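Residue numbers (the numbering used here), protein chains in the order written: chain A, 1013 to 1271; chain B, 1013 to 1271; chain C, 1013 to 1271; chain D, 1013 to 1271.
There is no bait here: all hints are sound.
Copies of the same chain are indistinguishable here, so a pair counts whether it falls within one copy or spans any two.
Here are the simulated lysine-lysine pairs, DSSO-like style, with alpha carbons at most 27 Å apart:
#1 1128 x 1243
#2 1156 x 1145
#3 1156 x 1243
#4 1065 x 1171
#5 1065 x 1055
#6 1055 x 1017
#7 1121 x 1145
#8 1163 x 1195
#9 1144 x 1121
#10 1184 x 1171
#11 1016 x 1055
#12 1145 x 1184
#13 1171 x 1269
#14 1193 x 1121
#15 1019 x 1243
#16 1121 x 1243
#17 1243 x 1144
#18 1171 x 1128
The set of hints was computed from the structure by calculation and includes no laboratory data.
It should be emphasised that the depicted structure is a prediction, and the values quoted were computed from it without experimental measurement.
Protein chains: 4
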Amino acid sequence: MADKKWKTAISTHVNHEPYVRGYRLLDLVGNLTFSEAIYLLLKGELPSEAEAKMMDAIFVSVIEHSIAPPSVIATRAVISGGNSLNVGVGAGVLAFGSAHGGALEDAMKFMQEGVKSNRPVEEIVKEYLSQKKPIPGYGHRYYKEFDPRTKRLFELAEKYGFCKEHCEFAKKVEEEIYKQKGKRIVLNVDGAIAAITSDMGFDWRLGKGFFIIGRVPGLVAHAYEELTQEKPFSKRLSEEEYEYTGVEPRELPPERKKV
Amino acid sequence: MADKKWKTAISTHVNHEPYVRGYRLLDLVGNLTFSEAIYLLLKGELPSEAEAKMMDAIFVSVIEHSIAPPSVIATRAVISGGNSLNVGVGAGVLAFGSAHGGALEDAMKFMQEGVKSNRPVEEIVKEYLSQKKPIPGYGHRYYKEFDPRTKRLFELAEKYGFCKEHCEFAKKVEEEIYKQKGKRIVLNVDGAIAAITSDMGFDWRLGKGFFIIGRVPGLVAHAYEELTQEKPFSKRLSEEEYEYTGVEPRELPPERKKV
Amino acid sequence: MADKKWKTAISTHVNHEPYVRGYRLLDLVGNLTFSEAIYLLLKGELPSEAEAKMMDAIFVSVIEHSIAPPSVIATRAVISGGNSLNVGVGAGVLAFGSAHGGALEDAMKFMQEGVKSNRPVEEIVKEYLSQKKPIPGYGHRYYKEFDPRTKRLFELAEKYGFCKEHCEFAKKVEEEIYKQKGKRIVLNVDGAIAAITSDMGFDWRLGKGFFIIGRVPGLVAHAYEELTQEKPFSKRLSEEEYEYTGVEPRELPPERKKV
Amino acid sequence: MADKKWKTAISTHVNHEPYVRGYRLLDLVGNLTFSEAIYLLLKGELPSEAEAKMMDAIFVSVIEHSIAPPSVIATRAVISGGNSLNVGVGAGVLAFGSAHGGALEDAMKFMQEGVKSNRPVEEIVKEYLSQKKPIPGYGHRYYKEFDPRTKRLFELAEKYGFCKEHCEFAKKVEEEIYKQKGKRIVLNVDGAIAAITSDMGFDWRLGKGFFIIGRVPGLVAHAYEELTQEKPFSKRLSEEEYEYTGVEPRELPPERKKV
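Here chain A stands alone, though its shape is the one from the complex:
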């Protein structure tokens, strides 16, 4: 039995009914909010009220970010090819690579390793700055003094009691960058979520999962809008929209012309 190829600790069936982390799924319906059930699923235990509220705030903070990002472009292009809702949403989830949601995972890794290492923050920051490596979770195109989303999430984390060692570490790094560099590189929203979820005890390898769960509703909304409002194949580049940088038209060599 121990060597079955498919193994899981997440859920099982008892008398044909699904049980999630030991609880009968049906007992959860009406008794848990969606965020509470997600927490149970990912963490294995029921959340406290504070944990559930923090989860709500995190998911809401990433739920939708306009039509601009690559994930929405992929979702709508795939729907435009003539596909069902699930195929468009699936394609959008694929776009959540290292450059799109990956910062959250990288920042969690950076903070969890930083805290665990017990190395002085001064030294860690110096290492990154001297190698001109970006520090995951820091920096923003428009916010130069502070990121308002970070401020909001940290206020909530404070209120709910999740500002522990990782949040402290994250803030110290921000200060240390300022000290060493003479200008602020702000802790951004990815960094804030990374610090808080780390203090909530989540493994960094699950990091992108928070982004995926939180953003999928946005992809569903875009897939539905494309499906119901736009004509098929409308997501196509017109000739004015792209630049051709290749070789000029040329003739096939005569010896290749069989027909």
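Knowing the structure of chain A, use the given hints to seat chains B, C and D on it.
Just chains B, C and D now, with coordinates in the frame of chain A:
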């Protein structure tokens, strides 16, 4: 301006900040639960407390259904090929085709068209039964008297005031099947969610979206478990696990053998 | 043994070596062209030289169609999100829905059913025209007299002996449309491939497969170009590129403001 | 013009007709084999006859590997969920991660960097062996003396004139491992393809592309077989097929029970 190819009513940026359905995203953080924000995103308006609770119950009811379904197999096989979390989850979402979550969409369509048509339920049921077509949202492998999930969801819908024309229609169909067939074909959980979301005013073409949003956390949990607990390429069929039904080994004709 | 869940007639292992349609894979290497091996895989038997050449012509005719189509947009958006080559190509294949490659499948179905039905072409065409339904495989944005790709493929099909009942049917439909409508709606490249592959004996449900196999090299080229020539996250819509059609910025009702 | 976001050197339209790498697509139809057109697409120039034959051999060598691998499992699970051919094939391509086709890319990188570095092979091998790092492209579960596929591909590469510096390097590494370790770790088929494509002048970052293009026909065959031969939702794990390793059934704490 009116003829831009990319158009959306879902969200936009104002001063570099995302606004969702008119509300500044940051204002929602800490003020809305995840389900409330999903409702706003999909419906365009803030939910009442009852609507938010109903959404919670619906998402929780589909959140995870053990390792068995094709979506989990696809997720874990793709992770097993050596991919990141997002790729596994994306593959799982792809599996939500007409046979896996599609019943919800089909049942919403059936009920919305049924209610709108004003045709007698007797006639509608007769049409399906005489053509031996399955009625979407009805029937279960194990539940022959009633589906306990339907019972629970309907109790909640009753409590929150969502048992309106579609729920009535759904129950009438169940009774009518019993009358015409002499045995029960129960309104299943897909049918129950279909009736309730229809009474909440959602379009059937969004139907699979409820399933996708609700089940993605389950896929994230399975992708994470596969990533952290299993060896790469472990989701591979051994020779004992499959049957070869093709032609016996044969020789390439001599005239084909160049090397 | 007969009830295994995973069954295949395509290939198996003999002494740890793969055998495809009965032939040892290694024996095919150096002895078959790629198109010959594809034919064997899909049809179960080795192709004649004519069949192999026809396959080559078909795959080449769809191999690449510039950066414009939704599949390339999806591929490049997903790569731009920070993903590996396979994830971008996979996303592009997803885009091959009913509006993007689906015409080939639809046209094969139309022709195979048309030929099988023995109905007069006149009647079939009248049915479509009177219902203003587009006939799958007919019509082109720019070509109003004839589609040069159809001409080329039909010349080759003629030469290789594949102009049989389905090609005849396809041409008759084109003539009949002209007769009934007074203007040409040309048999397009999808229609031409559909007629020829039908005459080669392929099932219409495999139709999109020819498009997928033929076009994947194009997607690989685009994924590679994006990966090596462009910056991550560069496939993002700027604010000038999209139009927001939703509600104006508004305030969260005071009773919702908890923080 | 130079700052358009979508740029490509692969193909464009001239008078509404696609041109690939400067050649009118239609001129290629009937004049190039599929492999020749793929080479043109990926490399930018027409292949010699030897190059075209080598491409054929490489694609055929990876075209299908039985129902066993994770990519086929993903393809068939997604089709089983009730999806179209393209969605199943797309999901299969996703599975081609670092553990499934990735060895080819890794081996190309290893060989191209090894040749470029001019370091003694002895030193390179020592570095890997001393760190117990597997050398990409070497090792096989069953072949302990030589890999017959490598033998076949190298014979062809020899014949066609592609055994140059990378093939030499690859063979030297094999010998050097034997010398330092006292036993053979054979150059496997991934390693052989890597050496040959490197000698043909392809960049390692395109490596997985050869595997994807070559294997997609296999995925199409499996998607079609699942679609036409199997019942929807048949790719589902029965309760006997998986092991539940999680917590035992338990009661929801009384204070959580609202309904």
